[in-house]
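Asks: Please arrange chains S and B on chain L, whose structure you already have, making use of the hints.
As you go down the protein sequences, you meet chains L, S and B in turn. Numbering of the first sequence is given in this note's numbering, commencing with residue 1 and proceeding in unit increments. Numbering of the second sequence is given in this note's numbering, commencing with residue 1001 and proceeding in unit increments. Numbering of the third sequence is given in this note's numbering, commencing with residue 2001 and proceeding in unit increments.
Don't read these hints as lab results, they were simulated from the structure. Check each hint, because a few of them may be wrong.
[Unchecked claim] No more than 25 Å apart at the CA atoms, straight line, and that leaves these computed lysine-lysine pairs for PhoX-like:
id, chain 1, residue 1, chain 2, residue 2
1, S, Lys1433, B, Lys2036
2, B, Lys2086, S, Lys1218
3, L, Lys153, L, Lys243
4, B, Lys2086, S, Lys1431
[Stated by the list, open to error] Label pairs and their computed distance ranges (CB to CB):
id, chain 1, residue 1, chain 2, residue 2, range
5, B, Ser2160, S, Lys1138, 49 to 57 Å
6, L, Glu276, S, Ser1053, 27 to 35 Å
7, B, Leu2136, S, Lys1290, 50 to 58 Å
8, S, Val1370, B, Phe2026, 37 to 45 Å
9, B, Met2022, S, Pro1015, 57 to 65 Å
10, L, Gly300, B, Gly2145, 57 to 65 Å
11, B, Gly2145, S, Ser1053, 26 to 34 Å
12, B, Thr2152, S, Leu1012, 29 to 37 Å
13, S, Val1370, B, Leu2136, 40 to 48 Å
14, S, Lys1290, L, Gly220, 16 to 24 Å
15, S, Tyr1050, L, Asp113, 32 to 40 Å
16, L, Gly300, S, Ala1382, 43 to 51 Å
[To be verified] Residues of chain B placed beyond 12 Å of chain L at every Cβ, according to the derived structure:
id, residue
17, Ile2015
18, Phe2026
19, Ala2030
20, Ile2156
Built from N, CA and C at the ideal position, the CB exists for glycine as well.
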Amino acid sequence: MKKSIWIVMALVLMSPILWAAGQQEIGNEADTWPTKPIEIVVPFNAGGDTDFHARTYAKYLKDILGQPVTIINVAGANGGAGSIRVKNAKPDGYSALFFHDSMLMNKVVGVTDFAHEALDPACIGVHDDTYILAVNSKSTYMSLDDLIQDAKKHPGDIKYASSIGGYTYYVGCMLEREANVHFNIVDAGGGSDRNAALLAQKIDTNVNPYGVMKPFIDSGDFRVLALFSEKRSNLFPTIPTAKEQGYEVIGSRAYFLSFPKGTDPKIIAKMSSAMETISKMPEYAKDIELAYCVEPGFSGTEETLKYLDKTMASFMADQDFILGK
Amino acid sequence: MDNFIIGAQAVLNLPSILLIVIGIITGIIFGAIPGLSATMAIALFLPITYGLSPTQGIVLLIALYVGGISGGLISAILTHIPGTPSSVATCFDGWPLTQKGQATKALGVGIVFSFIGTLFSTIILIFLSPILARFAIKFGAYEYFALGIFSLSMIGSLSGKSLAKGISSALFGCMFATVGIDMIGAVPRFSFGVQSMKMGFNILPVMIGMFAVAEILKAAEESRHPLQSETIKINIKGIKGFGFSWAEFRSQWSNGLYSSLIGTGIGILPGIGGGIANIIAYSAVKNKSKYPEKFGSGIIDGVVATETSNNAAIGGALVPLLCLGIPGDTVTAMLLGGLTLHGISPGPLMFTQNVDIVYGIFIALLISAVLMLLIEFYGLRAFVALLKLPKSTLLPGIFIFCVIGAFGVNNQMFDVWTVLLFGGIGYFFNKIKMPTAPFILGFIIGPIIEVNLRRGLMFSQGSFAPFITSPIATVFLSASLLSLVLSGIKNIRRKMDKKSI
Amino acid sequence: MDYKIMHRFKSIDGICGIFCIMFSIFYLLASTNIHKSTVVTLGAEFMPRIYGIVLFILSCVQIINCSRNIQVQNTATEARLEKNDKRNVFLTFLLTFCYLGIMQIVGFIIASTLYFVVQASLLSSIGSKRRYGLLLLVGALLSIGSYYAFHTVFHISLPSGLLF
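Chain L with its partners taken away, still in its complex shape (with noise of 0.2 Å):
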């Protein structure tokens, strides 16, 4: 009985702490942000794309704004776990969501039930427009045409890994679209899975930024039909776009930072010009490039909002054509 009275007693005691957890005060400080570390959400695990450009980024902010910028990794649920956080978090400007394009895919799909509009974008960090077709090198196709005549030939039997609602899943579907074929298209994992497949000659092609499958274009195991961009990459560019080659398909996947709904627009301003400064840096470029092969390209809070508003208009179009139905 003693034990029970006990418990009763604790709980009773933190009674008025909890009363008092309710009234806290938000101040107006944008005007001196920021005055303590900034965290900032990748809504994956550590060591993957989206962690790495957080990452090189706080790693310059730290110096700029001269408060320490953290990576908090909230995974889940294909990055809704952590948008929810940051929409949720308090817009004191403490806390941003860094993120990219399956934002607003999670919408489309159902994962969430909101994509930007809910947040206050600040800017475009970087924009990875180096999503190319690669086949094995053992197999006959030597150009994206040749892909595409064959598919033709046998429709629905060349093997295109995606994984469903994602980005290159829609790549695909554009694909299938503008060429006018239809591809076998099976889910084959994540990047490295889909170059392990590809390796063994389990898939027929696959399209992934570029970075990704870097190692084994390096080693000749994969060859490159196609790049999906407006023009030749400076860091690759013996590569054709698949434009040149007659097939107008575009891909790009833009990671931006977010801040949660009603941030001041003072706070917001000084992010993305100290982001801006950064992408400007020489040893930025040289961070990215080594990593992940792509190149800077940064977009202010204007150019940001127009991108992902018409991003979020051309995937609605498609929601069908995505969802299968």
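Replies: Only chains S and B this time, still in chain L's reference frame:
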């Protein structure tokens, strides 16, 4: 040989050695405290390696990995709570040994065979990795499906008295693993409209709940017995070395080799993940044994099987990582991230382009293995002294760390609530005499089976034929059928025997 | 006495079977809510259906077995389990629930310290002397130490609550 010299130059310097020592000690601590796992240690140290040189960074992570996986045996043996998911099966025989007053022996065996497992898999990694990596990629959806079925057929030897309950428990594991976003169609399942449920349950909080909370609840149930002594008596005096005899060591030689092979093999296959190596090795060694009925009563064979295999999985997991840049589980995914951060992308050219890193890793593994053996040997008596603490203070302390560990998985409270939920389930399972090990096995293997079945059908455009015609898949499927039939026969025979008595 | 134990043993299997049946039905019903995609050959609802149906059949077998099986062995271990303390288990569960609940409000340090003291006294056996002061000290040191270690070194943002 030249390569080894390059590797040695990269690793054999004071800062690197110091990092290995720090890594091993921290790893053991993280492994030994339930809730803080090897995975968490690596996740937390990954950002720190950002500021180090590539070799130093990876060396630190490797040391954490080796120490963390081995450290899990300490709490599994001493408190019946596995320190990491890799030590779940160590509890089965480690804890009964402790209850018999042989904790020192159990720990000694576990430490020595952790060392042997690490060493074995490192040697395989050094000499055979390119060949094995090329073999591993032959495993596609059909093969992983068959392998998953084969792993599940191990339930028979984990079920205890009732096979039906064992299978039910594994099914519960599979069912709870389906909660969250479907890995293929990206649709939410069983989230009941709750946003947090879409994240699904992470293995770490599930395991903490099933074992740690269930253990606390059990202690609460028994604490009212006035006569029960709180601490376990252990006689440390008179025990030399690792606490076991040369004859005992020799008798375990074949078990150790067998488990090393299983652990390395499971580690090499990227789709399976090293976390279940211990459970599978335990079942396999039990099935192979001449006295399977003694398993679970406190014999060192069980500890040998689990602790050799989980450390052997380390070297195995590094094979596809280094040769192909393919991570097999969350830990190797983070190691990959650690390398990518420094602009190094593992792949086919890794062994020629980054000799210093590759051979540095080999040497770091060897040094880590030896240091782990030494540090745990000298720590052995200190670990055993933990048993002198009364359970009533030890368990709440452990739970606080479990909360930190669960929270640290994704920096959110949902995973902490998961611990409580599965604590309740684990306690209920104990009450209705449902074994918990098959649950964990089902929880890990269920998704592998499901994903690969559905992937395979996408590949074959709806035909089941390749699941049977693929040679590797055929071998595993028939092996699992055989194993299930055999355990069914055993079960019936046991019932017949009992009836005749 | 013997009859009672026999009955109990039977009922454990029975409860287990009934629980499994109930869970499988619930699970199967919930699986009907899964969105069906036409892109994939097998939808997301396929495996859950299989799991649910197999569990259902298995638990039916268990219940049938249980009602048939009159012979019961192994009485000694069962009898020992009879002497347990359900109330203490319930209190521990409740305490853990409260601990996690208040942690988000009062923060990790205060919640953990209180939890430690209360849980330790719940777990200590009836005859032993309880030294609350010592427990409070150990609990506070443990929670403050681990909070700072994880917060400052590893950036795990454990709920900080009122103290900050």
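Asks: For each hint, tell me whether it holds in the structure or not.
Replies: The hints, checked one at a time:
For the hint linking S:Lys1433 to B:Lys2036, the alpha-carbon distance of about 37 Å lies beyond 25 Å, and the restraint is violated. Between B:Lys2086 and S:Lys1218 the alpha-carbon distance is near 10 Å, which keeps this suggested pair within the 25 Å criterion. Restraint check for L:Lys153 and L:Lys243: satisfied, since their Cα atoms lie roughly 22 Å apart, inside the 25 Å limit. Taking the CA atoms of B:Lys2086 and S:Lys1431, the gap is about 11 Å. The hint holds against a cut of 25 Å.
One distance hint, 49 to 57 Å for the beta-carbon pair B:Ser2160 and S:Lys1138, holds here, with the actual separation near 51 Å. Here the CB-CB span from L:Glu276 to S:Ser1053 is close to 30 Å, well matched to the stated 27 to 35 Å. Look at B:Leu2136 against S:Lys1290: about 54 Å separates their beta carbons, and that is inside 50 to 58 Å. In this structure, S:Val1370 and B:Phe2026 break the distance hint of 37 to 45 Å, their C-beta atoms being roughly 53 Å apart.
Between B:Met2022 and S:Pro1015, the C-beta spacing of about 60 Å keeps the proposed range 57 to 65 Å intact. With their beta carbons about 45 Å apart, L:Gly300 and B:Gly2145 fall outside the hinted range of 57 to 65 Å. Between B:Gly2145 and S:Ser1053 the CB atoms are about 31 Å apart, so this pair conforms to the stated range of 26 to 34 Å. At about 32 Å, the beta-carbon gap between B:Thr2152 and S:Leu1012 stays in the expected band of 29 to 37 Å.
Taken as a hint, the range 40 to 48 Å holds for the pair S:Val1370 and B:Leu2136, whose Cβ atoms sit roughly 43 Å apart. Distance hint check: the CB atoms of S:Lys1290 and L:Gly220 are about 52 Å apart, inconsistent with the given range 16 to 24 Å. Judged by the Cβ atoms, the range 32 to 40 Å given for S:Tyr1050 and L:Asp113 holds: they are separated by roughly 35 Å. For L:Gly300 paired with S:Ala1382, a C-beta distance near 58 Å fails the hint of 43 to 51 Å.
Every beta carbon of chain L lies more than 12 Å from that of B:Ile2015, the smallest distance being close to 27 Å; the non-interface claim holds. Separation of B:Phe2026 from chain L is adequate, the least Cβ-Cβ distance of about 23 Å exceeding the 12 Å criterion. With a closest Cβ-Cβ approach of about 17 Å to chain L, B:Ala2030 is found to remain outside the 12 Å limit, as its non-interface label requires. Consistency note on B:Ile2156: stated as away from chain L, yet its beta-carbon is not over 12 Å from all of that chain's, at 9 Å minimum.
In terms of the numbered hints stated before, the structure departs from hints 1, 8, 10, 14, 16 and 20, listed from lowest to highest.
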